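Enquirer: Chain by chain, the residues run as shown.
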Amino acid sequence: MRRYLGLLFRYRGREGTIAWAFHRISGVGVWLFVILHVIDIYLIGGNPAAYDELLAFYASPVGRVMEVLLGAALLYHALNGMRIIIIDLWPAMTVHHRKIWWANWIIFFGLGIPGAAIILLPLYRDQLDGLLRTLGVS
Amino acid sequence: MRVSPRSSGRIKPSGRGTEVAIWYLMRVTGVLLFVMALAHFSILHFIWDPAEQTAEFVTRERWNNLFWRAYDWTLLMLVLFHSFVGMRTVILDYIHGARARVIIMSSMWILAGILFVIGSLVVFTLPGLET
Numbered sequence: 001m002r003r004y005l006g007l008l009f010r011y012r013g014r015e016g017t018i019a020w021a022f023h024r025i026s027g028v029g030v031w032l033f034v035i036l037h038v039i040d041i042y043l044i045g046g047n048p049a050a051y052d053e054l055l056a057f058y059a060s061p062v063g064r065v066m067e068v069l070l071g072a073a074l075l076y077h078a079l080n081g082m083r084i085i086i087i088d089l090w091p092a093m094t095v096h097h098r099k100i101w102w103a104n105w106i107i108f109f110g111l112g113i114p115g116a117a118i119i120l121l122p123l124y125r126d127q128l129d130g131l132l133r134t135l136g137v138s
Numbered sequence: 001m002r003v004s005p006r007s008s009g010r011i012k013p014s015g016r017g018t019e020v021a022i023w024y025l026m027r028v029t030g031v032l033l034f035v036m037a038l039a040h041f042s043i044l045h046f047i048w049d050p051a052e053q054t055a056e057f058v059t060r061e062r063w064n065n066l067f068w069r070a071y072d073w074t075l076l077m078l079v080l081f082h083s084f085v086g087m088r089t090v091i092l093d094y095i096h097g098a099r100a101r102v103i104i105m106s107s108m109w110i111l112a113g114i115l116f117v118i119g120s121l122v123v124f125t126l127p128g129l130e131t
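Just so you know, the protein sequences line up as chains R and D, in that order.
FYI, the numbering used here numbers position 6 of the first sequence as 6, with every residue one higher than the one before it.
FYI, the numbering used here numbers position 51 of the second sequence as 51, with every residue one higher than the one before it.
These are computed hints drawn from the structure, not numbers from a lab.
For clarity, every value in this text was computed on a predicted model and none was experimentally measured.
All C-beta atoms, glycine included, are put in the ideal place defined by N, C-alpha and C.
Treat the hints with care, since some could be wrong.
If you only want the chain R side, here are some residues facing chain D, beta carbon under 8 Å, derived [said to hold, decoys possible]:
hint, residue
1, Phe22
2, Gly27
3, Tyr51
4, Ala72
5, Ile118
6, Arg133
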């Protein structure tokens, strides 16, 4: 495993190769979730009680961390996919592909950090309320 | 300047066959999913919280109108196409034996077919639609 990870990051393709590897990993990850998601939606009609139980897991701390990972995979795949389409439709942009890659990371964290903060809010809401009370804000 | 062949996407296949059509369709569905999948994720994680979502919520609140049922079914069709064709690319990259390819790809299309049927079934048959 370490050998493969080493190969992935030392390979001379640099940003382009890492972008490709992440695209593939995030794509397979989202595909796995799609299978789970179609099955869970089917439960609404087939077994509503099981659906409610599963959604309670999605709302649990472990479930929320997994949702953040799902959101990250989805957002990365979406942004990098746009980068691929830009380069495909406008080949002159290929020389800027590294700049687009770094711009993607700015958008990724710019949207992703607030997004993760909202999804994980129930995990730290009490502490946040306590802090705001101490500061006299609420 | 050296540019890795992997810097851009998969190289567009030449000719006019199925592979070219797939190459274009992956990009078209990709753009549509960029908007529709990210909107879907945002609505169900930022506007609604998973803690509020039950079978009752989906029946009475989320899927009580035609727009969201049509939206979710369109999203299902796009994501099934995009993800299974994407998985086909991954499998063809790593699985080289002819027999293994046939077995794995057949299982993949069967799985895609099952998801198509059960996903469509629940969108079309779940009661609660107010017309």
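Enquirer: Each of the hints needs a verdict: does it hold here or not?
Expert: Structure-based check of all given hints:
For R:Phe22, the interface hint is violated, the least distance from its beta-carbon to any beta-carbon of chain D being 12 Å, above 8 Å. Look at R:Gly27: its Cβ gets to within about 5 Å of chain D, closer than 8 Å, so that hint holds up. Given hint, R:Tyr51 at the interface with chain D, holds; its Cβ is 5 Å from that chain's nearest Cβ, closer than 8 Å. The beta carbon of R:Ala72 is not positioned within 8 Å of any beta carbon in chain D (closest approach about 11 Å), and the interface hint is therefore violated.
Hint status for R:Ile118 relative to chain D: holds, with the closest Cβ pair at about 5 Å, below 8 Å. With 8 Å as the threshold, the beta carbon of R:Arg133 stays out of range of chain D, its nearest partner Cβ sitting at about 23 Å, so the hint is violated.
In the structure shown, a violation is registered for the earlier hints numbered 1, 4 and 6, in ascending order.
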